[in-house]
Every structure is written in C-alpha cells, then in structure tokens.
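**Q** Keeping their order, the protein sequence lines are chains X and S.
If you want my numbering, it's the position in the first sequence, counting the first as 1, plus 2.
If you want my numbering, it's the position in the second sequence, counting the first as 1, plus 1468.
By construction, these hints were calculated from the structure, which means they are not laboratory data.
Keep in mind that the hints are not guaranteed to be accurate.
The calculated DMTMM-like cross-link candidates involving lysine to aspartate or glutamate, where the alpha carbons are at most 20 Å apart (straight line), are [as the list claims (entries may be wrong)]:
| no. | chain 1 | residue 1 | chain 2 | residue 2 |
| --- | --- | --- | --- | --- |
| 1 | X | Lys206 | S | Asp1493 |
| 2 | S | Lys1566 | X | Asp200 |
| 3 | X | Lys214 | S | Asp1562 |
| 4 | X | Lys215 | S | Asp1541 |
| 5 | S | Lys1745 | X | Asp56 |
| 6 | S | Lys1745 | S | Asp1493 |
| 7 | X | Lys53 | S | Asp1562 |
| 8 | X | Lys215 | S | Glu1875 |
| 9 | S | Lys1536 | X | Glu183 |
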Amino acid sequence: MNYQNNSENKDKSAQTPPSGGWGAGSLISTVVPLPIENVDTDQIIPARFLKATDKNGFGDNLFADWRYNKDGSPKTDFVLNNPVYSGEILVAGKNFGSGSSREHAAWAIAGYGFKVVVSSFFADIFKNNALNNGILPVVVSSEFLAEIFASVNENPKTTLTVDLVNQTISNNTSGKSETFEINAYKKDCLLNGFDDIDYLLSKKDLIEKWEKKKPNP
Amino acid sequence: MTNKITDSQARKFPTGDSGGKTLFDKIWDAHVVSIIENGPTQLYIDRHFCHEVTSPQAFNGLRTRGLKVYRPDKTTMTADHNTPTINQELPVKDPISKNQLDQFAKNAAEFGMPIFYPLGHEKNGVVHIIGPENGFTQPGMTIVCGDSHTSTHGAFGTIAFGIGTSEVEMVLATQCILQSRPKTMRITFDGNLNNGVTSKDLALYMISKLTTGGATGYFVEYAGEAVRNMTMEQRMTVCNLSIEMGARGGLIAPDETTFNYVKGREFAPKGEEWEEKLAFWKTLKSDDDAVFDMELTFDASEIQPMITYGTNPGMGMGIHESIPTLDEIDEAGRISFQKSLEYMGFEPGEKLLGKPIDYVFLGSCTNGRIEDFRLFTNYVKGRKKADNVTAWLVPGSWKVRQQIEAEGLDKILEEAGFALRQPGCSACLAMNDDKVPAGKYAVSTSNRNFEGRQGPGARTILAGPLVAAAAAVNGKITMP
C-alpha cells in the first residue's frame, strides 16, 4: 500500500539537512501530544515502507497505520490529523522508539518536521538514531511529562522552550522548567552540524594503530 | 500486574561498580580505540553483518563523501528482510523490493565486498542465522548489524548489538562506531526448565517480568544452571530476545558447548590459530568478584509455556493464565493497555486457552533453526494440520532447510499437511508477501507482536515452537 499521494503534509527533509538546524541553540514551539507508552518503531514507520534506498519521503508515512485508513484517507481521531495540534516538538509516553533499529523512524520524524521528541524514557537505538539525524531526544521526569500533557490538553497553543545550550526545557504555560542530559560531544555535534563519521575519519591513525597492536588474539 | 516487576522495583538493587571485571567489561575494554571526554567511546568492530534494508543509505553516504569501505572482509552481506519465500529462482515480482535487492548487489560489487550471499546463494539466509552457522560469530568479538536482533550473537560470548544506518556507514567507513558504555546486568536462571518448556518460553517469561523497557540502558549477561544446560541454538533464542526488554544486548560466557559448535565451521579458526583462540576464549567469563549494576534471579523450574496477549513482547503470560484486569495496570499505562487489547480483540481478565487462531508462523532469527524444526515436527508427527490454519514454515537459511531434508523432517511435515518455504525473514516483519490479513490471529515463533508487525491489522500471539505446533494441529491455543 502506498499512501504517499494522499498526504497533505509534504516531506520537509528535502529542505532540512539531517544534522543542521540547531545553530540557534534553542527552539520555542507548540507541541503534538501522543500520550501512548511504548511507541515502537514499527508504529513510527511500518516495515512495508522500508523498501526505499534513499532517506526522502518517510515523513509522509510517519505513523502511517495510526494516521491513515486503508483507502489512504486520514483517520480524523489521530493527533497528526487534528488541525488543533502542530509544532516541531513531539511529546510521547514513556519508552518511545522501542523495537526495531530502523533509522527510517528518525528519518520519518525529521521528514515530518519534528526537531525534538520529549518523553520520560527512550529506547537506546532510537535515541542514537535521532541524534544522528539532528533530532533532540529530551528526557523529562514522568511528573513533568504528565504536566505537559495536561497543559496541552487544556490549551493546545501551549508552547515549550527547548534550550540546547543550557540543557533546559520549559513549559511556557505553567512556567515550570527541567534540565535534561546530553553528552557534551553530541551537543557539540548538534550545535555545529558535525557528525560521527567526520570524527571517526579524523581518527584513522588510531584505528590503524589499534589493528596492529590489538590486545587479544 | 501479577508477577510483574515494575521499572522502579527492577531498579532498586543497583550494586555500584567496584571489584573484578564482568565479561562485558573485558570484551568492551579490549576494543576501545579512544574515549571522547564527556562523550562516547570509539569501539573497534570485529564483524559487521549487513542486509538489504538498512544498508542502501549507508552505501549512498560513502558515495557522497567519496569514501571506500575500510575493511571489506569484515562485513558479511546477506539478503533476507525483503525477499520472497517461494519461487526465489524467479525474478522478484514487487518492483520496489527488486530495486532494493538490485541495489544491494550493486553496492556489494561497487565497493568490492568479498562476502556477499544474495538470494538463492547456498549460504543465504536470515543474517543472525547464517552468521553463527558459517563460523563468522566467535567468542570475544564485537559484532554489529543494522538490525536490533543482532543481540543473537551474544550467545557466543560476544558484544553484539543493533545499530542504525548512520552507524552502518560509520562501520563501513572506519570499522569503528561511537557508543556510550551501557550499564551491566546479570540475570541468573537457577534450576532447570521443565519438559515441554523451551528457551523461547524462558525468554518470554523474563521479558514479561522486566517489561518491554525494563532493561533499557543495560547489557545483560545470562547465567545459571538453566542457561549452562542449553544448546547453542537455545542460547541464541534467549540472547536474540534481549532487545525486547530494551537491553542493548545480551551475552553468555562461552564454554565447551560454544567451542564445540564453532569448531570446524567454514570461517572458524583452524589449526594453530584455533588452539591460540581457544586458550583465549576459555578466559572469557566474568570474574568471581565482578559487580553488576543490577542482578536479577529467576527460578527456571517455575516457567510454563508462554504466550503473549498484547502488542509488545512484555505483555506475556503463562498459557493457562488470564490477561490482567484493568485494576492490575498502573494508571499511566491504562490507555496503552486498553488500546493494545482493543487491537488484539481481547478483554481484560480473559483466558486465551482454547481461543481459535488462523495462522501459524515457524521461523525468524528467533526460532528458525534446525532444533526449532525438530521440536515442531516431533509434535505434529502423526497428527494433521487443522483446516482453519494457514501455516508458514520458513527455515532460517538454506543450510537449515537442507538439514531438515537430510533428516527427513520435510516428509513428516508433508504427511501432517505442512509445506516448507524458502529462507528469509518472512512473516516476522511482513516486508514480503507473507502478510497475515487484518483481524486474523497468528501464533508466531518470531519476536514482535507490535501492531501491524505481521501485516496491517494482523494480531500476533508470540510463542515457542511447541505452542505453535499445538496451535497448528488443534486450530486453537492449546497446551502442547
């Protein structure tokens, strides 16, 4: 099944380079709430869409089975089809991105136009994939997560400020803030648009040295 | 929920980090090339497995950057995820699948990849089956693949884990990867499994206790009498499912069972090199005074045949048990729990024993090996497949299929009304035509019961090969 022609949301990945976008260091946006726990990567992008050989177009099929009916028409009760909610921040229940290692999930989220995913808990592989595509996974306490959902439920125009430089996230409706963790290296990569391959290529001499002297037979 | 350890309960026994080294520490430390201050570790990768679905964008990345593959002989390529399981000798019908398979072959040729097993090759099969089968997987290694079930290879005492496509590109370009060091957990299974209880049941039991995210951030070592007494294939099933409780990977210290399995396989060391490696492999175990960040112990003899009732692998129960009632679920999880049961068409508190089913799938990197086919065949021998059941029996590789035929299992299966298919990932993720129709129930020996995993709207009940065999001949969920 191909839903690509039925979507109103044009994929934005063509305009946004995967690891750019954090030059400003912070972001203020309304949010799209998804208060479901254990959202696995098969829901984020179902396997039948993994046949492509490039990174474009996945945004149109983000959450395809929750978002579209069998005939390709939008499911009106799904949050991405509700015009009340929009923004560059996706807020989801705990253990977001579990299951398959498919980086297509991160491409779909970035392609749709999200720059931040907020949850109380992320699966490890998804977290790496997100960071490698300029998406910032922000881990908040379960209390703060519940409060964001409550604020957005009451006022869909609620905005969050995500400040990568100072590692804070603020609910601009309640005024409540939390700090979040990100390792200094990854923060540097996001802010400057560097990626891991650039870094590893710069360490070729160390790799060759390791291969010559490897500690075990 | 009865018998559940919630996240907070499961995490209340952190034990600090002093003392000897765990097996994980020993393998990890031996592969550190550099450590970035306040950042990840640069880890050298001994073996990279590669399939057609998560690699094309990585090869494209190399092209864009004008890079070669740094160590082509350290990558094993096999087509498995997107391949048909009938008529493989004919051109692939779906043009988008065909394009992906053609691109895979083109990448192998253009980048000079010496180990490439395309569709129809005698060593082709599911990546986590052909790795061990051909001796690529050896104790002490670091192993990665763009597939979360790479944890399978941990059964040999390796650090093996799934990676994304950006990371596949890193490995192709530099044979290294940047990773944060996970915490360590040891799960000990005292006692032994009862007759009729498989290693799949043990794994589903463990995941139901820890929940689908309960081991996130950890690398798990499996230990204890029940694990020691397992064959390599049984160990692979347990390690395979590590990711289903969120673990970065799972490993088992190698022993004589491991060495006997590896010895003589095509890519295993030979002669003097074998003796040298064997001496080293025998040192691969956690020190007696090693301290894990978390320790859990289960009694293997308490485990019953398991099934899942929900839409993640943590939603499992003994085959005789009832689905939890709403008041057993904590409040934050109720929406997800209800959504899950609605999808499955089940009620809270319901028993599933006797429930009619429509499909049975035997196969996948979890249960697609010869021992799985032996168990299944032994059960259905002299019985007949139920008329209401469509059964897909998909060997994990051509070698598994040949072994099935060599042992005459195919004849027994045929007499019981079953047909063997050709190898591949098949209905585990339904990228090919092996899709369970919407609303139908499939008892599946695979690893994920996510919504739509086996086809849009498909309802998956995960189980071991014996429960699958019993369901196939009785047409309903039955105690094997």
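**Q** Can you list which hints this structure breaks, lowest number first?
**A** When the structure is compared with the hints, numbers 1, 2, 3, 5, 8 and 9 turn out to be violated.
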